[in-house]
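Asks: Protein chains in written order, with this note's numbering: chain A, 1 to 203; chain B, 1 to 201.
None of these hints come from the bench; they were simulated from the model. By construction, the Cβ of each residue, glycine as well, lies at the ideal position given by its N, Cα and C atoms. Among the clues, some could well be false.
Computed from the model, here is a short list of chain A residues facing chain B with C-beta under 7 Å [as the list claims (entries may be wrong)]: (1) HIS49; (2) PHE61; (3) GLU190.
In silico lysine-lysine, BS3-like type, Cα no more than 25 Å apart, as pairs [stated by the list, open to error]: (4) LYS39(A) to LYS25(B); (5) LYS4(A) to LYS162(B); (6) LYS27(A) to LYS193(B); (7) LYS39(A) to LYS193(B); (8) LYS187(B) to LYS39(A); (9) LYS94(B) to LYS68(B); (10) LYS36(B) to LYS25(B); (11) LYS39(A) to LYS162(B); (12) LYS143(B) to LYS41(A); (13) LYS39(A) to LYS143(B); (14) LYS162(B) to LYS8(A); (15) LYS187(B) to LYS41(A); (16) LYS79(A) to LYS25(B); (17) LYS27(A) to LYS32(B); (18) LYS162(B) to LYS41(A); (19) LYS25(B) to LYS4(A); (20) LYS178(B) to LYS4(A); (21) LYS187(B) to LYS8(A); (22) LYS53(B) to LYS8(A).
Here's a subset of chain A near chain B, in silico, CB distances under 7 Å, partners left out [unchecked claim]: (23) ASP15; (24) LEU40; (25) GLU42; (26) LEU46; (27) GLN47; (28) LEU50; (29) LEU55; (30) MET64; (31) LEU68; (32) ARG71.
Each chain, letter by letter, is given below.
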Amino acid sequence: MSCKMIEKSLIDYLDHELNEEEATEVKNHLDQCTFCSEKLKEMTLLQSHLSKKNLPDDPFFEEMRRSLFERIRGVRLSKEMVLPVRRRSWAPVLVPVAFLVLLWVGVWIVPGRYQEFAMKKDLTELARLDEGTIDLSPNETESLEEEAAIVDEFLTLAQAEETTSDSLEEDLELLNALGEGEDLSEEEMEELEEELASLGEEV
Amino acid sequence: MAVAVDNILSDLDLVRQAQQQDDLKAYEVLVKRYEKEAFGLAYTLVGSREDAKDVLQETFFNLYLSLKNFRGESSFRTYFLRVLVNRCRDEQRKKSVWGRLFFAGVPKTEEEGEEFLEGISLKTPQDQLAQTELGQKIEEVMKVLPWRQRTVFALKFVDGMKIREIAELTELTPGAVKANLFHAVSKMRDALKAYMELAKG
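Based on the sequences and whatever the hints tell you, model everything.
Replies: Set out below in structure tokens:
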């Protein structure tokens, strides 16, 4: 074996990891070679210096342990305190519900309320204008009157629609009664004819 | 009496007790069993007593919190020392960043490390100081060894581990462990030649 090979086997030799044959070969080489035996001495020296470790005294470790277990107990305590108040999370249910509620409020309630509010406001201002409690510039008066006209038109249409549907229902009832062979009074016949005529005109 | 009972329990028994019954006493026995060995290793790797103490406490603390992850695939000692070595490496990385920021003289490259080693070897030691100084010089050289060489060297010469144990712990092949150890020993020998001569007498 060359010195280079022996050098590589020195650690295994020190660890007693070589088989008998290899160990004998290394030992024989070391007995004859000062260079390699010096290297072995150096390794042993390193090992003896480092393995002494210069360990601190016991209070050092006691202090380390005391501080360590204080931290561990702290963590355990906080776990115990946290665990009982842990409840089922409602977030997966509440979040979509809240979203839907907000959507409903945003899309339906707010615009409807706003329209109602705006109309009421216009009518109130108009009434106060009539009473003379407020003064408006000509432009404001004009725009208020325009809005009031729209509101009036809207209300008239709604009323008319209601009235028309009511009178149509009455007419249908009378026509049904006539179809079933019931006798109608003269007044009722006249009213029906008038209604049908006016309906024809509208159409 | 309690100590005698503690000592007959294997590491695995103690770990199981700590895992299943959350038994702090069992964990304390484990801490006492390994604190000195761990300190020696941490001190060699991080190079300061206070840092070694912090690393040791952090390792034991985090190990307790993640004890359920230990499945007994390797021995507790190997598992623990692996965590410790990784912790030391993190500590060193942090230090090297700060070292670079504040130009604290930490060698940045292998070349600078070589120059540093030459500087140490050129000093002429006094005979009476050689023995005590040797330990200090070894620590200085350790600080400039590349991390892998330093770890392997510390595990071998401080902890007295066998090559296959180091291989298991560092997850290197036995060949790679030997190669790293060979380089570390060569650098150490070159840097400490003068001290070695005197120490050998």
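Asks: Now tell me, hint by hint, if it's right for this structure.
Replies: How the hints compare with the structure:
no.: 1; hint: HIS49; in the structure: 5 Å, holds
no.: 2; hint: PHE61; in the structure: 5 Å, holds
no.: 3; hint: GLU190; in the structure: 97 Å, violated
no.: 4; hint: LYS39(A) to LYS25(B); in the structure: 46 Å, violated
no.: 5; hint: LYS4(A) to LYS162(B); in the structure: 21 Å, holds
no.: 6; hint: LYS27(A) to LYS193(B); in the structure: 24 Å, holds
no.: 7; hint: LYS39(A) to LYS193(B); in the structure: 11 Å, holds
no.: 8; hint: LYS187(B) to LYS39(A); in the structure: 13 Å, holds
no.: 9; hint: LYS94(B) to LYS68(B); in the structure: 28 Å, violated
no.: 10; hint: LYS36(B) to LYS25(B); in the structure: 18 Å, holds
no.: 11; hint: LYS39(A) to LYS162(B); in the structure: 19 Å, holds
no.: 12; hint: LYS143(B) to LYS41(A); in the structure: 23 Å, holds
no.: 13; hint: LYS39(A) to LYS143(B); in the structure: 22 Å, holds
no.: 14; hint: LYS162(B) to LYS8(A); in the structure: 15 Å, holds
no.: 15; hint: LYS187(B) to LYS41(A); in the structure: 16 Å, holds
no.: 16; hint: LYS79(A) to LYS25(B); in the structure: 19 Å, holds
no.: 17; hint: LYS27(A) to LYS32(B); in the structure: 39 Å, violated
no.: 18; hint: LYS162(B) to LYS41(A); in the structure: 18 Å, holds
no.: 19; hint: LYS25(B) to LYS4(A); in the structure: 51 Å, violated
no.: 20; hint: LYS178(B) to LYS4(A); in the structure: 14 Å, holds
no.: 21; hint: LYS187(B) to LYS8(A); in the structure: 15 Å, holds
no.: 22; hint: LYS53(B) to LYS8(A); in the structure: 35 Å, violated
no.: 23; hint: ASP15; in the structure: 5 Å, holds
no.: 24; hint: LEU40; in the structure: 11 Å, violated
no.: 25; hint: GLU42; in the structure: 5 Å, holds
no.: 26; hint: LEU46; in the structure: 5 Å, holds
no.: 27; hint: GLN47; in the structure: 5 Å, holds
no.: 28; hint: LEU50; in the structure: 4 Å, holds
no.: 29; hint: LEU55; in the structure: 6 Å, holds
no.: 30; hint: MET64; in the structure: 6 Å, holds
no.: 31; hint: LEU68; in the structure: 5 Å, holds
no.: 32; hint: ARG71; in the structure: 6 Å, holds
Checked against the numbered hints given earlier, the structure breaks hints 3, 4, 9, 17, 19, 22, 24 and satisfies all the rest.
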